[in-house]
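Protein chains: 2
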Amino acid sequence: MTYQVIGHSVARRDGVEKVTGLAAYTSNLSLPRMLHGKILRSPLPHARIVAIDASRARRLPGVKAVLTRDTLLGDASLTYRYGHVLADQAIVAVDRVRFVGDAVAAVAAVDRDVAEEALSLIDVEYEELPAVFTAEESFGPAAPLIHETPPEVQARAAMKFDGPRPGTNICASLHIRHGDIDRGFAAADFIFEDTYSTPMQAHCPLEPHVTVADWHPSGRLTVWSSTQMPFQVRDHLARIFRLPKSQVCVLVDNVGGGYGAKTGIRLEPITSLLARLSGCPVKTMLNREEVFLTLTRHGNTFWVRTGVSRDGRLIARHIRILWDTGAYADAGPIVIFKAGYTASGPYNIPNVVIDSYCIYTNKPPAGPLRGMGVPQTTWAYEPHLDRIAAELGFDPIELRRQNIYRNGDTFVSGETLHSIDLAGCFDRALETDDWQPLGYGRRRTSPSKAASLEAANTAGSSVARGRGLACALKNTSTPSYSGATLKMNEDGTVVLLTGAVEIGQGCKTALAQITAEALSLPLERVRVATTNTDVVPFDWGTISGRTIFHVGKAIQEAAAQLREQLIALAADVLEAAPQDLELAQGRIVARGAPDKGITYEDALLRRLGIKGSGLIAHGEFRTHWYKADPGIEGCTSPFWDVGLGLAEVEVDRDTGKVRLLRYRCVADVGTAVNPALCRGQLSGATLMGLGQALFEEMLFDNGQPINPSLVNYKIPSSRDIPEVLEVNYIESGHQEGPYGAKGIGEIGVAPAAPAVASAIHDALGVWIVDLPITPEKILRALEAREATLRREAGAGAG
Amino acid sequence: MTYQVIGHSVARRDGVEKVTGLAAYTSNLSLPRMLHGKILRSPLPHARIVAIDASRARRLPGVKAVLTRDTLLGDASLTYRYGHVLADQAIVAVDRVRFVGDAVAAVAAVDRDVAEEALSLIDVEYEELPAVFTAEESFGPAAPLIHETPPEVQARAAMKFDGPRPGTNICASLHIRHGDIDRGFAAADFIFEDTYSTPMQAHCPLEPHVTVADWHPSGRLTVWSSTQMPFQVRDHLARIFRLPKSQVCVLVDNVGGGYGAKTGIRLEPITSLLARLSGCPVKTMLNREEVFLTLTRHGNTFWVRTGVSRDGRLIARHIRILWDTGAYADAGPIVIFKAGYTASGPYNIPNVVIDSYCIYTNKPPAGPLRGMGVPQTTWAYEPHLDRIAAELGFDPIELRRQNIYRNGDTFVSGETLHSIDLAGCFDRALETDDWQPLGYGRRRTSPSKAASLEAANTAGSSVARGRGLACALKNTSTPSYSGATLKMNEDGTVVLLTGAVEIGQGCKTALAQITAEALSLPLERVRVATTNTDVVPFDWGTISGRTIFHVGKAIQEAAAQLREQLIALAADVLEAAPQDLELAQGRIVARGAPDKGITYEDALLRRLGIKGSGLIAHGEFRTHWYKADPGIEGCTSPFWDVGLGLAEVEVDRDTGKVRLLRYRCVADVGTAVNPALCRGQLSGATLMGLGQALFEEMLFDNGQPINPSLVNYKIPSSRDIPEVLEVNYIESGHQEGPYGAKGIGEIGVAPAAPAVASAIHDALGVWIVDLPITPEKILRALEAREATLRREAGAGAG
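Each protein sequence line maps, in turn, to chains A and B. Under my numbering, the first residue of the first sequence carries the number 221, and numbering increases by one thereafter. Under my numbering, the first residue of the second sequence carries the number 221, and numbering increases by one thereafter.
The set of hints was computed from the structure by calculation and includes no laboratory data.
One copy or any two copies: either way a pair holds, since identical chains are not told apart in the list.
Taking lysine to any residue and the SDA-like style, the derived pairs with C-alpha atoms no more than 25 Å apart in a straight line are:
1. Lys238 to Pro437
2. Lys380 to Arg540
3. Lys238 to Leu251
4. Lys816 to Pro464
5. Lys816 to Ala791
6. Lys934 to Cys424
7. Lys238 to Leu463
8. Lys238 to Pro464
9. Lys380 to Thr819
10. Lys238 to Leu426
11. Lys997 to Phe412
12. Lys238 to Gly499
13. Lys877 to Pro995
14. Lys934 to Gly876
15. Lys238 to His228
16. Lys816 to Pro742
17. Lys238 to Arg939
18. Lys380 to Ile818
19. Lys934 to Glu996
20. Lys238 to Gly439
Required output: the full structure, derived from the provided sequences and hints.
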């Protein structure tokens, strides 16, 4: 199928404004009379607040509002407890602080310096409480309780996962039972068991969290925010301030990077309350250290036990994942739910048990980070599969190909999969033969054999090369909703109203392409309006790679209505039956006789007879959770991301340093609406995954953050990217996606770390099980193997 | 019929923001890097521009752009000629200037002082041309031609009136032929002929004309403007700058008074071009003198000849109106067309000829002023009817009642009238008997008899009292279009998207009431979004009292769709057939069993199962011109304003000063959506009409404006209003209007001047035929009568 606009790498819509520095970001916004908000944060990981005295701060000239727990307790009009899933967070701490960085008080002042000074004048007396810093420890019976009473569930209808478990630090859990696990293991010829872990990591968006709030004298709240989910922000603010949603307006123009950090609700409640207290607009913008303490990626431990048949079929898998969700649930329950569902990987295993636990600790809250937990699960199931292949002497690629999901297979939820072409990704990835693993690290059953192979690989040099592959499967946010309104102007140009947010991914360009295609218009005749919750249709949020699919389908539905209206208008003029007419390049023409036609503008002119008038149509796309509601057909995900990564590395066995020689990623994008943007998404996600593989780790000492800065928390720079980065995709055409497209923003992340680990194993024959793969861990692994070899040699000698 | 929200005087939505000074007006808008624009204006009424040298202005520090005809002639990307109906105006004068105040050049500078100074440094050499200052003189064959070549017609399809007549100063004309005028006059028992006139008058909005324009680096133009017609502004800017309409965005929040002055296109082209030249946002705000020179109300002369039967039936009327439209057509052709159509008044006259001519002069352009020419025609046909009654000895009120249009009558266009209850207005106005004319001025056939009656009235004092009545009929803008989009939020609250502009009339309050009623919602759950041409549906403009009717009907259509969707959602839950359900106060309930129901919020929650999602629906209302298109049923106006005024005055025969003792207005509002707002509109319009009756007149000396300031151009102050002002309306229920409503913003103006004139005649027995009714004119009329009496007495003695 060829298209006029779809499939072309048209220039980004926001390109010019971004390179000229004129793009509007919340961080640049300034309003008349605007004050600046600052937040006083807890210095302790867990403590009772004995007393707060803000009187000195209030007296400081230039201070216009001071917000403490007294403000919350004294204002019956506020529902000050909130949270994305569980209402476990307060606008500022009321009884306790639960992590270093927890908000204790806030100030609005005429400038940031005065606000900072005011914070230093707030006296807080704490009584320290026992704290817990790992999910394992917190999961145990002896752990101190972080939330004494189970928080209220915010989602109105039943959640699809279990909620807080009273008397524990478990705030949510998912339990999947598919097939018969006992029979599966009983039938297995081999059983493998491993445990993997990832540390807490950070999103590091270029634009920090920032919100500007302003109250209108009529009691209406307007908020500009760097958010990926404007309608969720509106929802929360309406609850907190007990306003009808029509009295809350959230505006978002450009967002300087989200990656999940700007989901849910962040600075909006505290900033809105400061604005209400001061009677002025207030802007709160975090510094970099505060960004690190606002939302993180879940660290986790992933225990997995797999039963394999002699002929290489995975026949049983038992998984238990403990996720460190930090001090507040945020979207943690959703992360452990979504990632829990896909934790057995892209493999068709008939007998599966998955237990996924979201666990409070006294650390900063964790939430989604580009992949909703899937990169953390991929980090376990892919190295685990490599180890199975190595131990049993299978080719790791062929073992995967043998077991991956194919269209028509049954997912662990019970539903039938379609429009998944991971097999095609393998074909594409391996169509040139230069990517086969070097093989040194494979088929080794004993450390001594591995060591000898590795020595051969190193060949007298300190540097060894290896290649590895990993693949992944990801679902998208379900149930969810996107609307799209198309407004055709009198001259036939069109404005798209959507709640999708431009977070740098290029969605406004790609959605304009879908609009242009659906209406047979040149692209430059389509505009995408700025996101404003007052006027754009409801949208679940710009998360989980869902925008192109959900909004795209809504656009198609709206466009179909406009098409029908245009054809009806033209049918009269052209004296033709509507079914004999079609749209072509801004004109309504007779099928097969494109000369016979009129422009949209002329058709619209007919409606008034003097000047044109407009047309408006609305479309929507909704998904229902699979089996949530009897009689409603649903799914666990309307589309599935699949992709893989191939890494070639060079490891220095003296220093443990890893050099990324080549990286090839391949994903099934369904249809590439804009090839250049697809490649941008895939390469950006890959680099993010490589940073998480090799460098990224938030470090804590008894709950105190050690490295909350971009100097000490290392993300990939231009010197860390692979020397050759090959970005590929296949277009299998999603059977329900708009022009066959599906989400592609996240799938690049997950394969990166396991592919690198696989390549390192290929090079050196050692397994790394904890991220990140630092030189120290490689050296330690090599040393451990040496020790084993010495022991084996000793034993052999003895 | 009783309603929940309709018919209640709820508080204005914009009340709080207006009394607290926080309401957003374009005049308050300031953008970063914004420059200030100023316009150099012609000092001569008609001249050829020989040379312009702006080099000194360009060199002045702080000047960022200078715009002269050279800019226009040197930029092939501009269509610099524009105009609401005829493209007779240029962004700045190219070949000639045509009135004192015509734009010759413009400057954008860092502040207004620098801009002013720059204007003084632009050297213009003029060659003066013969000029013409009255429509009569300009209508004649000897008048100098103001536009040498007939301007291009802007409206795309055929206009419903005649266009420019080459070789003359006539830019448009309307010619109505109804019945057989010759037979009508032949059958008449009496024939009366009179000529009346009105002067050029001014709108005097509190907020001057002001526009801010900003270009985005992508080539997109954003304009904030104090305009009543944002979509017309967008239309013109798109033509001038040759942009698709999706690349032009016009934003309007509050407008500080319009009255027709802010129709069409004003400062937007010059400001947008200054912004493009300078690369910065530019604000142009006029001073008061410039406002007077930007748009005026047409002065006119109205010749009328009426044939009357012995029994008081009006059987033939011949009218010729010459309208002074100034130097550029603007909306003049529409004014002379709309007012031409109703020029025979609210009277069912079987034989009518109307010729209405729009004529260029070397004066400021004229356009609509609250009533689209109808106040000027009423000023003629009502005094003329009073004179017929007086001469023939009829009661002037009864003569009107006998001849007014009633439902089912045939209008001069040929269509059948409905939903007109002028008769009911008479009944209401006269239901208390204290309003009968005093009678002194009536039934006088000779000046001597009149003088003796007047002497009796005066009764030794210099002060005489009189009462008078006048009525009027007004049509509304046709064909036209309004859309309305209703966006229901997840919690069942609603946002209305409309292109209607809040010009102080309270439309956003009244439209919110219609929305709330149509959706059975409490009013506070409805919000009206700010007008932004990108996102709100097309709207013809906030003119001619059309908003409540057109937008109201569009809202009803959209609401019907939402109702249907809500009921479909609830039908499942309530296990009821949709036809057994209805909406009631935010809930979908079973008819007759309101306890069985669910809230909108709960119904919407069903759609996703976790949180709510929204609904969107679009409605529209379009009118077609009567007989414009074979097969399309149309009308000359979808509704008709009818109303009347009763004035009681005291006139001092020594000074000629008129004191307004009482004024009663009555209009048929169809249904009063908001009684307080209806009264506000009627009283405001009445006061405007009284100012035009007694004070207002733009004075010129050889084309030079004499009084362009609020010191010298007098509008009514609080000391000039009637001592008793009684505002009444009847609710006849328009059969197609939303909840029976129709437009009521303009009908209060027209009866004021003729009612006052009638009362003055009642008091003194003199006829005033030229507005305004100044003390000088009264004294001159009394003197003229004295002279006639003296002549009669001399003749009698002779």
